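Novice: Now for the letters of each chain:
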Amino acid sequence: MTTDVEKPPQRNGNHIKHKLIPSKLVSPPSGPQGPYRLPKNQHFRDHRRFGFSNIMLVLVILFLFAPLFVVITYSFNAAKGMRWTGLSLEWYKKLFFDSNELWRAFGNSIMIAFSSALVATMLGSLAAIGIKWYRFKARAYIQIASFLPMVLPEVIIGISMLIFFSAIKVQLGMFTIFAAHTTFNIPFVFLLVSARLDEFDFSIIEAARDLGATERQALFKVVIPSIMPGIVTSMLMSVTMSLEDFVITFFVSGPGSTTLPLYVYSMIRYGVSPVINSLSLVLILGIMILALTLRRFLKTIAASS
Amino acid sequence: MKTHRLRFVFLALAVLLVATLLITGCSKKTESGKTLYLYNWTYYTPESVIEKFEKEFGVRVVIDYFASNEDMFTKLTGGGSGYDVVFPSQDYTEIMIKQDMLNPIDPSKIPNLSYISSFALEKATYDPKMEYSVPYYLGAAGIAVNKTEVTDYARDWSIFADTRLAGRMSMLDDPREVIGDALAYLGYSVSTVDPKELAEAQKLINEQWKPNLVKFDAEGFAKSFSLGEFWVVQGYAEGIFEELDAERWGEVDFFLPPDGGPMYLDSMVIPKGAKNIDLAHQFINFIHRPEIYAEFLDRFHFPSTVHTTAEQLKKNDSFYEVEDLATYELKYDVGAYLAEYDKIWQTIRYVN
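Residue numbers (our numbering), protein chains in the order written: chain A, 26 to 330; chain B, 325 to 676.
Keep in mind that the hints were calculated from the coordinates and are not lab data.
Quick caveat, the model's predicted, so the values are computed rather than measured.
The C-beta atom is built at its ideal place from N, Cα and C for all residues, glycine as well.
Just so you know, not all the hints are guaranteed correct.
Unchecked claim - Examples of chain B residues toward chain A, derived with CB under 10 Å:
| no. | residue |
| --- | --- |
| 1 | Thr366 |
| 2 | Tyr367 |
| 3 | Asp388 |
| 4 | Gly402 |
| 5 | Ala542 |
| 6 | Glu543 |
| 7 | Gly544 |
| 8 | Ser550 |
| 9 | Leu551 |
| 10 | Glu567 |
| 11 | Leu568 |
Unchecked claim - When the alpha-carbon atoms are kept at most 30 Å apart in a straight line, the in silico BS3-like pairs for lysine-lysine are as follows:
| no. | chain 1 | residue 1 | chain 2 | residue 2 |
| --- | --- | --- | --- | --- |
| 12 | B | Lys379 | B | Lys358 |
| 13 | A | Lys119 | B | Lys358 |
| 14 | A | Lys119 | B | Lys379 |
| 15 | B | Lys599 | A | Lys194 |
| 16 | B | Lys639 | A | Lys118 |
| 17 | B | Lys596 | A | Lys194 |
| 18 | B | Lys376 | A | Lys118 |
| 19 | B | Lys453 | B | Lys422 |
| 20 | B | Lys547 | B | Lys639 |
| 21 | A | Lys194 | B | Lys358 |
| 22 | A | Lys119 | B | Lys547 |
| 23 | B | Lys358 | B | Lys433 |
| 24 | A | Lys119 | B | Lys639 |
| 25 | B | Lys376 | B | Lys358 |
| 26 | A | Lys162 | A | Lys246 |
| 27 | B | Lys599 | B | Lys358 |
| 28 | A | Lys118 | B | Lys379 |
| 29 | B | Lys422 | B | Lys599 |
| 30 | B | Lys547 | A | Lys118 |
| 31 | A | Lys246 | A | Lys157 |
| 32 | B | Lys376 | A | Lys119 |
| 33 | A | Lys194 | B | Lys422 |
| 34 | B | Lys379 | B | Lys433 |
| 35 | B | Lys596 | B | Lys422 |
| 36 | B | Lys596 | B | Lys376 |
| 37 | A | Lys246 | A | Lys324 |
Use the sequences and the hints to build the structure in full.
Specialist: In structure tokens:
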């Protein structure tokens, strides 16, 4: 059902952006009218150089990014402390050749982030589809219950998981962190995929069934491909949240499963080493590259569905 | 077209996952397959020592770090067992012994126990025979003064009452430390349970010290000190000097006030639930091998407070000497009276 249908004109990324974003604002999103486009040269406001919005923009960007610049600058400092003594790559050398503990923690973080995000994405997406697709008794309750981990304070989730794991005699470690992260990621995946499904025209499924697709075929060949951007986005969200989580991880981590945030936190009494500054730059660069490639990638998926 | 891309997405994700699993999983194998799990203060055991232990015994050592005794205790009581050696401070060692959380130490497996100084054991009144804990290090927080900025000052706790230095000083964000200093300065025990003495200490801190302090801080003060923003700070020597490059160490006068004050004794204990009890004993024995212990002392410029022979073997000068600690007192567990300390701390820390 893909190849013969008229393809949207393949131009640059702009038209896709227009198709994606206003579709949330304008209610009948897709359908026979084709992609919605903003009229050319129409802006919402004129852009004066020192207008309120520009000043706000600069201030917000400063507020958000100035700390990062400080960290990056100090990562090239020759001295240990905060006094600037000269340019040096010493901390990078230390980071790459002499920081086993740090890389171990980083590896733990990455492993947990990707595995828990993958599982959470699968479970959350299926849950969202199931709840949209079928009508059944406990539907509303499941929906409400699934938001609980999102609204409950992290400390409470952390402690209750800790008590739960020790009550059922599970050894704390990588597995328990993985389980905990999967748990708190599911609601976010559920929410994002549900939002995507709200725009989804369910008559397409009827059409697919009408044309002889089984229920499973309809799921894998129609529903999932068309909500793929939502699924990928929620997976990335889950990876991010899992990477940065401290509170819950603190409670459910066990011997040998220190993650990066736990590791950095444990350094504060002794003085956070400048190696962390250089790690920050490496992470910022890595994430920027990842985000840029994924952006192109997401556009391709969005265009093809 | 579409299905191809979909497949590619899943394939890419799967490859990424497997790759991370492999990368992080590979490093977990050693010859004997044994892994020793340590739970320690950050950087408290030099990496070189750990590497030597790994090589000699053919095992892997995994260290997790904690930033405070409270963190560690929460973890262990919450069921976070599985650690083989943990390094709590005296009050928590005492609590853990009382709560029956520790495995007894088998002295026959640790011949190097003979090196432990009587000085340390006298202080460890909760476990003088090392039945449950083996001393690791005994030390105290002191005062560091930036000599290039400050020339004329009192070398005792009254430095914090010096109004000329107002706005340039900080003390630790730790009730037992700060109240303990005031108690010692007034000539009382740092673990007093006498409300009158505590009230006096509170008055001293609130009326004479606090107005001159920028803040109570246990995390960022060493950075501020190295920047020249703070001139006089109370803190642990190893933490302060770690922030400074070695060539600037001459600019700093670090001393332990002779009036005394609180000190700490960190011990090595084997918690219940440890899986490698033999290996844990071997590790404790290894740490107290004189040349290894000297290596630890050299790394942090510590004096040999708990070890009788390592002092002669170490190469670096220490930031303070064992004799400086003569007037110092361990912070014992004050039990339920801790609430009283906390109450006083609230008035110091948060009420202006």
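Novice: Taking the hints in turn, state whether each one holds.
Specialist: A quick look at each hint next to the structure:
1. Thr366: At about 5 Å, which falls below the 10 Å cut-off, the nearest Cβ of chain A leaves the hint on threonine 366 (chain B) intact, so it holds.
2. Tyr367: With Cβ-Cβ at 5 Å, under 10 Å, it holds.
3. Asp388: holds (5 Å)
4. Gly402: holds (5 Å)
5. Ala542: For alanine 542 (chain B), the interface hint holds, since the closest Cβ of chain A sits about 6 Å away, which is under 10 Å.
6. Glu543: Holds. Min distance 5 Å.
7. Gly544: Since the shortest Cβ distance to chain A is 8 Å, the answer is holds.
8. Ser550: holds (3 Å)
9. Leu551: holds (5 Å)
10. Glu567: Given a least distance of 5 Å, the restraint on glutamate 567 (chain B) holds.
11. Leu568: holds (6 Å)
12. B:Lys379 - B:Lys358: holds (12 Å)
13. A:Lys119 - B:Lys358: Given pair lysine 119 (chain A), lysine 358 (chain B) holds - Cα atoms ~28 Å apart, limit 30 Å.
14. A:Lys119 - B:Lys379: Holds. Lysine 119 (chain A) to lysine 379 (chain B) sits at ~22 Å (cutoff 30 Å).
15. B:Lys599 - A:Lys194: holds (15 Å)
16. B:Lys639 - A:Lys118: holds (27 Å)
17. B:Lys596 - A:Lys194: holds (15 Å)
18. B:Lys376 - A:Lys118: Answer holds: lysine 376 (chain B) to lysine 118 (chain A) is near 23 Å, not above 30 Å.
19. B:Lys453 - B:Lys422: holds (15 Å)
20. B:Lys547 - B:Lys639: Measuring from Cα to Cα gives roughly 27 Å; hence the hint holds.
21. A:Lys194 - B:Lys358: holds (22 Å)
22. A:Lys119 - B:Lys547: Given that 30 Å is the threshold and the Cα spacing comes to 20 Å, the pair holds.
23. B:Lys358 - B:Lys433: With a Cα-Cα distance of about 18 Å, the restraint between lysine 358 (chain B) and lysine 433 (chain B) holds, given a limit of 30 Å.
24. A:Lys119 - B:Lys639: Since the Cα atoms of lysine 119 (chain A) and lysine 639 (chain B) sit roughly 24 Å apart, the hinted pair holds (cutoff 30 Å).
25. B:Lys376 - B:Lys358: Distance of about 15 Å is within 30 Å: holds.
26. A:Lys162 - A:Lys246: holds (28 Å)
27. B:Lys599 - B:Lys358: Cα-Cα ~10 Å, so holds.
28. A:Lys118 - B:Lys379: Since the Cα atoms of lysine 118 (chain A) and lysine 379 (chain B) sit roughly 24 Å apart, the hinted pair holds (cutoff 30 Å).
29. B:Lys422 - B:Lys599: holds (22 Å)
30. B:Lys547 - A:Lys118: holds (22 Å)
31. A:Lys246 - A:Lys157: holds (17 Å)
32. B:Lys376 - A:Lys119: Holds - the C-alpha atoms of lysine 119 (chain A) and lysine 376 (chain B) are around 20 Å apart, at most 30 Å.
33. A:Lys194 - B:Lys422: holds (24 Å)
34. B:Lys379 - B:Lys433: holds (20 Å)
35. B:Lys596 - B:Lys422: Holds, at about 13 Å.
36. B:Lys596 - B:Lys376: Roughly 26 Å separates the two Cα atoms, so the pair holds.
37. A:Lys246 - A:Lys324: holds (19 Å)
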